[in-house]
Structures are given as C-alpha cells and as structure tokens.
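Protein chains in written order, with this note's numbering: chain A, 1215 to 1334; chain B, 1215 to 1334.
Errors might be hidden in some of the hints.
Copies of the same chain look alike in the list, so a pair counts if it fits in one copy or across any two.
No farther apart than 20 Å at their CA atoms in a straight line, the calculated lysine to any residue pairs in the SDA-like style are these [stated by the list, open to error]:
#1 Lys1253 / Phe1223
#2 Lys1239 / Phe1223
#3 Lys1268 / Glu1301
#4 Lys1268 / Thr1300
#5 Lys1239 / Pro1292
#6 Lys1239 / Arg1276
#7 Lys1253 / Arg1318
#8 Lys1268 / Ala1231
#9 Lys1253 / Asp1329
#10 Lys1268 / Pro1228
#11 Lys1268 / Met1312
#12 Lys1268 / Val1295
#13 Lys1253 / Glu1296
#14 Lys1239 / Val1222
#15 Lys1268 / Gly1321
#16 Lys1253 / Ala1225
#17 Lys1268 / Phe1223
#18 Lys1239 / His1255
#19 Lys1239 / Asp1329
#20 Lys1268 / Arg1328
#21 Lys1239 / Glu1257
#22 Lys1239 / Arg1294
Calculated directly from the structure, the hints in this document are not laboratory data. These numbers were taken from a predicted model, which means no experiment stands behind them.
What follows is the residue order along each chain.
2 protein chains.
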Amino acid sequence: MTLAAGTVFYADCPARAAIEIIGDKWAAVTLFALADGPKRHGELVTLIGGISRKVLTHTLRRLQENGLIDRQAFAEAPPRVEYSLTELGRTLDEPIRMLTTWAREHGEAILDYRDTTGRP
Amino acid sequence: MTLAAGTVFYADCPARAAIEIIGDKWAAVTLFALADGPKRHGELVTLIGGISRKVLTHTLRRLQENGLIDRQAFAEAPPRVEYSLTELGRTLDEPIRMLTTWAREHGEAILDYRDTTGRP
DNA sequence: CAGCATCCTTTTTGATACTG
DNA sequence: CAGTATCAAAAAGGATGCTG
C-alpha cells in the first residue's frame, strides 16, 4: 500500500491492536472476573452472568491463545478445569481499570446525551 | 434474572460499557486521528487507511450518537464536513493512550507467545 | 463438569454504484 | 465531496443436545 507524502497511516494504531484482544463482548469481563484468583469454567458462567458456556469457552480460548490466561485441567471425574491470569494477563488490569473508571465517570453523560438527542 | 446468594454479576461491568463504545474496529483509530484537531471525511479516509467511506461514515455516526464527536457541515459546493472531538470525546484520550501504551509494551510478548504455541 | 458439534440469527464489515 | 442504497461476505453471538 502506498500513501502520498505527508499522509499518516493509522490503521496499525496500537490502541486498535489492544482492542482486538479485549474487544470481544466478554473478554474484558472475563479478565475482570479472573483478576481476584483462578476460577472454574462453570464458576465463570455464574459469576459473569448472561454468557453461554459455548461463548465462554471461545472467549477463554482466545485469551489463552494470546497468552493472557492459563488453563489447568485436572484429571478427575467429574472434570475440573481452572483458569487463571498469566503475568501477561495481569498487565491488562490497569488498562481495564482505566476503562472502568472512564465509564463510571462519563457513562452517565453519554446516556444523558442520547436522551437529549432521542437515541435509544 | 436471579442469582444465588453470594454470586457476583459482572455482565454490567463498566469496562464492557466502555468497550461497547470504542470496541468498533475503527472507533479508537478514528478518535485517535481526531485527537490533534478537526478533520474532513475524506481526510480521515486517507489518514486512517484501509477503511471504506461507508464504514467510516457509520463509525463517525456512532461516535456522534454517543456525543463523542461533533459534525459540522458547511453549505458549500462541493460539500465540506468537518468532524472534531467533543469535550466528552476528549475524555477518552487518556484511556486510549493507556491502551496504546499497553500494546506497545506487551504486543510483542503476545506475538512471541503465539509463535511458541504455533498460532497464526 | 467441561467441551464439542450443530444449527441458526444477528451484527459487522466491505465492495460498488448512485445522488445532491 | 460526502453520503446513501444495495448487495454480499464474514464474524460473532447464541440455543441445544451429545459425550467422556
């Protein structure tokens, strides 16, 4: 791809790379749920609420593929699988906390804005 | 929806609310492109790179509906439309910068991890 | 219990051509 | 130039039943 001189190419914006990782509907919530310690699969389904088992499995796998969480399966019957944050996954705590703070501080302003403009 | 006592319900995690706003494939990049001043539609297409006009229009509209950007159309021929961050939109600068920093610091570790595990 | 296989619906993204 | 309309493709989300 070629761009004229003086142009800037943002498509590889690092923020976007981050969002591709935590931008899944449930990725950030899952990381958040794991922040205070390892959890089992079914536990996460309950804690998170509203997520199907299949989608949780998919979300966990993507996080695992990116090295953000560990998966430990115990050879028991019935099966037991525990997920936990890796060191790398822990580095996302701060950015996610920042998003949380932002949403807490400005979420209402956005809802208000939608109200005044008649948005759903 | 009912949850047993002692359970936690994360589905309304604020971080997720934030991600629903900037989690579009192009939303963060667009905000980033507007951070240093108003831009025209075609300008954004060039600056961002890789986005189609239609998708940019859609992205801009969503940001506008949430009160994050302003749209100013000038009654000229040919048409001129300028987009700029609102005050509210500017409050996202910091969270987005944090994601950018995170990606710069840890993006490589993720790629390395994928390599060692044979992921694409 | 955890995961997979199916099947289905919705959402997103995109290419292209047309309009004021 | 900016935006819309249309069509198409892909990805994401989800419901359900089966299996070790």
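Evaluated hints:
no.: 1; hint: Lys1253 / Phe1223; result: between (41 Å within a copy, 14 Å between copies)
no.: 2; hint: Lys1239 / Phe1223; result: between (27 Å within a copy, 15 Å between copies)
no.: 3; hint: Lys1268 / Glu1301; result: neither (26 Å within a copy, 40 Å between copies)
no.: 4; hint: Lys1268 / Thr1300; result: neither (22 Å within a copy, 39 Å between copies)
no.: 5; hint: Lys1239 / Pro1292; result: neither (29 Å within a copy, 40 Å between copies)
no.: 6; hint: Lys1239 / Arg1276; result: both (12 Å within a copy, 17 Å between copies)
no.: 7; hint: Lys1253 / Arg1318; result: neither (26 Å within a copy, 29 Å between copies)
no.: 8; hint: Lys1268 / Ala1231; result: neither (25 Å within a copy, 22 Å between copies)
no.: 9; hint: Lys1253 / Asp1329; result: neither (39 Å within a copy, 27 Å between copies)
no.: 10; hint: Lys1268 / Pro1228; result: neither (29 Å within a copy, 23 Å between copies)
no.: 11; hint: Lys1268 / Met1312; result: neither (29 Å within a copy, 31 Å between copies)
no.: 12; hint: Lys1268 / Val1295; result: within (15 Å within a copy, 44 Å between copies)
no.: 13; hint: Lys1253 / Glu1296; result: within (5 Å within a copy, 48 Å between copies)
no.: 14; hint: Lys1239 / Val1222; result: between (30 Å within a copy, 18 Å between copies)
no.: 15; hint: Lys1268 / Gly1321; result: neither (30 Å within a copy, 27 Å between copies)
no.: 16; hint: Lys1253 / Ala1225; result: between (36 Å within a copy, 16 Å between copies)
no.: 17; hint: Lys1268 / Phe1223; result: between (37 Å within a copy, 18 Å between copies)
no.: 18; hint: Lys1239 / His1255; result: within (17 Å within a copy, 28 Å between copies)
no.: 19; hint: Lys1239 / Asp1329; result: neither (24 Å within a copy, 25 Å between copies)
no.: 20; hint: Lys1268 / Arg1328; result: neither (33 Å within a copy, 23 Å between copies)
no.: 21; hint: Lys1239 / Glu1257; result: within (18 Å within a copy, 30 Å between copies)
no.: 22; hint: Lys1239 / Arg1294; result: neither (25 Å within a copy, 36 Å between copies)
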